[in-house]
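Asker: Let's have the full structure, built from the sequences with the hints guiding it.
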Amino acid sequence: MDKTILRVQNLTAHYGPVQVLHDINLNIAEGEIVSLLGANGAGKTTLLNCICGLHTATTGRVEWNDQDITLLPAERVVRLGMAHVPERRQIFSTLSVEDNLWLGASYRLSKVSRKEILREMDEIYQRFPILAQRKWQLGGTLSGGQQQMLAIGRALLSRPKLLLLDEPSLGLAPLIAKEILQIVQQIRSEWKTTILLVEQNARAALAISDRAYVLSTGTVMLEGTAAEIARDSRVQSAYLGEAHTKL
Amino acid sequence: MRSIVKKLGIGFIFYLLLVIIFPFLLSNEYYLSVGIVIGLHAIVTVGLCLLMGLAGQISIGQAAFWGIGAYTSAVLSTKYGLPPAIGLLASAIIPGIFAFLLARAIAGLQGYYLAMATLAFGYIVQIGLTEWESVTGGANGMISIPKLQYFGDSELSMYYLIWAVVTCVLIFSLNILKSRVGRAFRAIHKSEIAATTMGIDVRQAKLGAFVLSGMFAGISGGLYAHYMGILDPQPFGLHESIKFITMVVVGGMTSIWGALVGTVLIDSINEMLILLSEYIPGLQGDVDTIVFGAILVFIIMFMPEGLVPRCRAFYEKVKAKKRKAAGSQQAERKTVA
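If you read the protein sequences in the order shown, they are chains A and B. FYI, in our numbering the residues of the first sequence are 1 to 247. FYI, in our numbering the residues of the second sequence are 248 to 584.
Just so you know, the hints here were simulated from the structure itself, not pulled from any lab data. Because the structure is a prediction, the values reported are computed rather than measured. Even glycine gets a Cβ: it sits at the ideal position worked out from N, Cα and C. Errors might be hidden in some of the hints.
Here are a few chain B residues that face chain A, going by a calculated C-beta distance under 8 Å [said to hold, decoys possible]:
id	residue
1	430
2	433
3	434
4	437
5	441
6	443
7	444
8	446
9	448
Okay, derived cross-link-like pairs now, DSSO-like style, lysine-lysine, Cα gap no bigger than 27 Å in a straight line [said to hold, decoys possible]:
id	chain 1	residue 1	chain 2	residue 2
10	B	568	A	135
11	A	111	B	569
12	A	161	A	178
13	A	135	B	569
14	B	437	A	111
15	A	111	A	192
16	A	115	B	425
17	A	135	B	566
18	B	394	A	135
Take a look, some chain B residues computed to stay more than 12 Å from chain A by CB distance [to be verified]:
id	residue
19	326
20	426
21	440
22	561
Answerer: Below you can see the structure in the form of structure tokens.
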């Protein structure tokens, strides 16, 4: 069994008086791709925000390599090696592609030389050639798929051990969405990055994941290996549709 | 020489030449003092440009930092007899501390709320300057503040001193633009959440922007006090703050050069109004407020990005057209051949 790098224990969270997460438990081992599935409003994004420090949990703990990070602010969590690609990508639309990437490396600039970061940036450009072509274009002028690649590339420049991806396929054409998920898989194999993936498209997510959690109205309804989850009848009827059962 | 030109850019060399020869183009000694005042304003607006245009934090109380800087140096050198150099140093530090405390208190605010808070700060400072009579001299103000005499006593030497400071502030700000700090400022302008997920401490970046712009305004205030020789609280109110914002917006918020161009433009218009009021008797009182208001509305309606970015975009367009024309001519020539 690989080492657990992220552990969420009995986590609850509120927005004002409304309880959004009930007693969530979740573990991620080094090198895994874990997907977090669930309908709209199930609490996927909130859970992600609690993990990375953008939202403060009411009770419960978030542990990173056995260190309690529940109350650590988001900008400090990044320094530990956890990169968050937020929902809707959050590209800096008035900054160039290159500047967007530099921002990804911001906190490391005091420790690593510019040369080293430029070399890493070249790696990113090789991985996403389209970004190299558009280096000096403003982030906002990229297409949805390119913006997603930029957001992922930017996150990779913080050299994360764990990458949190919030609905990377949101608003993308099916083919592009598929390409993005393939990229996610390659990132794991090339960079040895552990990945927590939030997805609406359950089938595509399960195809690349090792394990999955299914959230329903703020509780973990189901957890298991990707294959188990894909076979579960409740998941099939709720998220995968009839067509899948017939196949 | 060539590498220096390349590094600073041809525009910067042009700016330097213009600043150096400006005093020799004048027929009237009075306009030298206008040049000095423009320089003083430019130091404030470049700082305001970093805060508003880059970091996206609005401040309608910038004249307050200007005033704090002016009074700090004036009080230290007049009442306590300290040399003006120490007064000037303090006029950078004390407003910086005020900016830090203000920003700490209101860092959580955004948009209109931030604007209201800085507006209130501006009023409080102006009232404070007026009412703290034992130190500031109240509404009567202060007199016989020592002049700066580093390069002699002349107006011309003051002009070069002030514009040397403007140039330093400009170089500093242009460098910040391309640095890690500048990128962080632009990032929190666009989206605080996204900036946080990049590991940027949003609060710290905001504090930094406020302190920097407060310090610039303070330095300018200190120089202003020693240049004028007299001080009263009247110029450090809302009217002046709005004028600073107008300068930055007219020139183009996102451009440091824009702040400079806007300052020159607005101050020149101000001088023209004064000149005109000698010939048109009705043109007295707060006419400038109406004119600046109209300019602000005009700019926001027809070129919200401001003069400098608009001109730059126009220049790029013309260049692209020329290139295209040259390209098609070449193609024609080829087909003919």
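Asker: Decide, hint by hint, whether the structure agrees.
Answerer: Hint check:
1. Hint on residue 430/B holds. Least Cβ distance to chain A is approximately 6 Å, under the 8 Å limit.
2. For residue 433/B, the interface hint holds, the least distance from its beta-carbon to any beta-carbon of chain A being 6 Å, beneath 8 Å.
3. About 5 Å separates the beta-carbon of residue 434/B from the nearest beta-carbon of chain A, less than 8 Å, and the hint is met.
4. With a cut of 8 Å, the hint placing residue 437/B at the interface with chain A holds, because the nearest CB-to-CB distance is about 5 Å.
5. The beta carbon of residue 441/B is positioned within 8 Å of a beta carbon in chain A (closest approach about 3 Å), and the interface hint is therefore held.
6. At about 4 Å, the closest approach between the beta carbon of residue 443/B and any beta carbon in chain A falls short of 8 Å, and the interface hint on this residue holds.
7. Taking 8 Å as the C-beta cut-off, the interface hint given for residue 444/B holds, the closest approach to chain A being about 4 Å.
8. Restraint check, residue 446/B versus chain A: the minimum CB separation of about 3 Å is within 8 Å; hint holds.
9. Satisfaction of the interface hint for residue 448/B is found here, the shortest Cβ-Cβ separation to chain A being roughly 5 Å, below the 8 Å cut-off.
10. Proposed proximity of residue 568/B and residue 135/A is supported: the alpha carbons are some 23 Å apart, at most 27 Å.
11. A C-alpha spacing of about 46 Å is found between residue 111/A and residue 569/B, which places the hinted pair above 27 Å, so the restraint is violated.
12. Among the hinted pairs, residue 161/A with residue 178/A is consistent with the structure: their alpha-carbon atoms are about 23 Å apart, no more than 27 Å.
13. As the CA atoms of residue 135/A and residue 569/B are separated by approximately 24 Å, the hinted pair is consistent with the 27 Å bound.
14. About 26 Å separates the Cα atoms of residue 437/B and residue 111/A, which keeps this hinted pair within 27 Å; it holds.
15. For the hint pairing residue 111/A with residue 192/A, the CA-to-CA distance comes to about 22 Å; that is within 27 Å, so the pair holds.
16. With a C-alpha separation of about 16 Å, the suggested pair residue 115/A and residue 425/B falls inside the 27 Å cut-off, and the hint holds.
17. Proximity of residue 135/A to residue 566/B is assessed by CA-CA distance (about 21 Å); at most 27 Å being required, the pair is judged to hold.
18. For a cut-off of 27 Å, the pair hint linking residue 394/B to residue 135/A is broken: about 52 Å separates their Cα positions.
19. Listed as a non-interface residue, residue 326/B keeps its Cβ farther than 12 Å from every Cβ of chain A; the least gap is roughly 43 Å.
20. Not every CB of chain A lies more than 12 Å from the CB of residue 426/B, the least distance being 9 Å, so the non-interface label is violated.
21. A beta-carbon of chain A is positioned within 12 Å of the beta-carbon of residue 440/B; the least distance is around 6 Å.
22. Distance to chain A confirms residue 561/B as a non-interface residue, since its nearest Cβ pair spans about 18 Å, more than 12 Å.
The earlier numbered hints that this structure contradicts are 11, 18, 20, 21.
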